[in-house]
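In order, the protein sequences belong to chains Z and C. First residue of the first sequence? That's -10 in this note's numbering, and the numbers climb one at a time after it. First residue of the second sequence? That's 11 in this note's numbering, and the numbers climb one at a time after it.
By construction, these hints were calculated from the structure, which means they are not laboratory data. Hints are supplied without guarantee of correctness; some may be wrong.
As the list claims (entries may be wrong) - Derived DSS-like pairs (lysine-lysine); straight-line CA-CA distance at most 25 Å:
1. Lys123(C) to Lys47(C)
2. Lys53(Z) to Lys3(Z)
3. Lys47(C) to Lys30(Z)
4. Lys52(C) to Lys3(Z)
5. Lys30(Z) to Lys32(C)
6. Lys52(C) to Lys30(Z)
7. Lys52(C) to Lys9(Z)
Said to hold, decoys possible - Heads up, incomplete: computed chain Z residues facing chain C, CB under 7 Å, no partners named:
8. Thr21
9. Pro29
10. Ser32
11. Leu33
12. Thr86
13. Pro90
14. Ala92
15. Phe94
16. Gly95
17. Gln96
18. Val102
To be verified - Covered stretches of chain C, as calculated for chain Z (at least 3 residues, CB under 8 Å):
19. 38 to 46
20. 51 to 62
21. 109 to 117
Where is the CB? At the ideal position from N, CA and C, for every residue including glycine.
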Amino acid sequence: GAVVSQHPSRVICKSGTSVKIECRSLDFQATTMFWYRQFPKQSLMLMATSNEGSKATYEQGVEKDKFLINHASLTLSTLTVTSAHPEDSSFYICSATGGRPEAFFGQGTRLTVV
Amino acid sequence: GENVEQHPSTLSVQEGDSAVIKCTYSDSASNYFPWYKQELGKGPQLIIDIRSNVGEKKDQRIAVTLNKTAKHFSLHITETQPEDSAVYFCAASPSSGNTGKLIFGQGTTLQVKP
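The task is simple: from the sequences and hints, build the whole structure.
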């Protein structure tokens, strides 16, 4: 399968600061990338969809000003959690697709806000 | 919108036995159904998928069946091994959404006892 790399794998930040998470497709051009959030022992909840060169589409209930998504190239999308608070602590996962139904996931980022 | 229900939430089997996980979906227009395996602290890994024009697909010890009329699909793992222990997620891709957009089931924690 295709390779999607997500960085960092773990990050701890202070409350009120911002954190950027990168998602890269290493061996294919990702026309669309998706960002998910996963709480312990729960399923993946779609946060937003980003298409290269376009504004991201956010799911209902997701604050677009808190979770800034940029998809500037066909191989890179970034998620910035702004003014992070402890309730933003979670496992964030990206996926990427190259115009086919198959979606490939990154390794995930464990965010802890203290 | 699409809704995916997955059962059971936990499944424990003896090594060598078979395991079956079932999912139902609500949107009859959904046309792609992947299964993912997620190990602790990692991103989901695509293990098998099936499209709506196929009733069954097999890959070594793993098989997926799809019943479009009943709107349900199942994952079958034969000759289970301890390394099969993980959380398994089914998903459905709404045809009206972006390619690669997935709605996930709640997940099944599979434990294979040696």
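So, going through the hints one by one against the coordinates:
no. : hint                  : verdict
1   : Lys123(C) to Lys47(C) : holds, 18 Å
2   : Lys53(Z) to Lys3(Z)   : holds, 21 Å
3   : Lys47(C) to Lys30(Z)  : holds, 14 Å
4   : Lys52(C) to Lys3(Z)   : holds, 24 Å
5   : Lys30(Z) to Lys32(C)  : holds, 18 Å
6   : Lys52(C) to Lys30(Z)  : holds, 13 Å
7   : Lys52(C) to Lys9(Z)   : holds, 19 Å
8   : Thr21                 : holds, 5 Å
9   : Pro29                 : violated, 10 Å
10  : Ser32                 : holds, 5 Å
11  : Leu33                 : holds, 5 Å
12  : Thr86                 : holds, 3 Å
13  : Pro90                 : holds, 4 Å
14  : Ala92                 : holds, 4 Å
15  : Phe94                 : holds, 4 Å
16  : Gly95                 : holds, 5 Å
17  : Gln96                 : holds, 5 Å
18  : Val102                : violated, 18 Å
19  : 38 to 46              : holds (count 4)
20  : 51 to 62              : holds (count 8)
21  : 109 to 117            : holds (count 9)
The structure fails hints 9, 18 (numbered hints given earlier, in ascending order).
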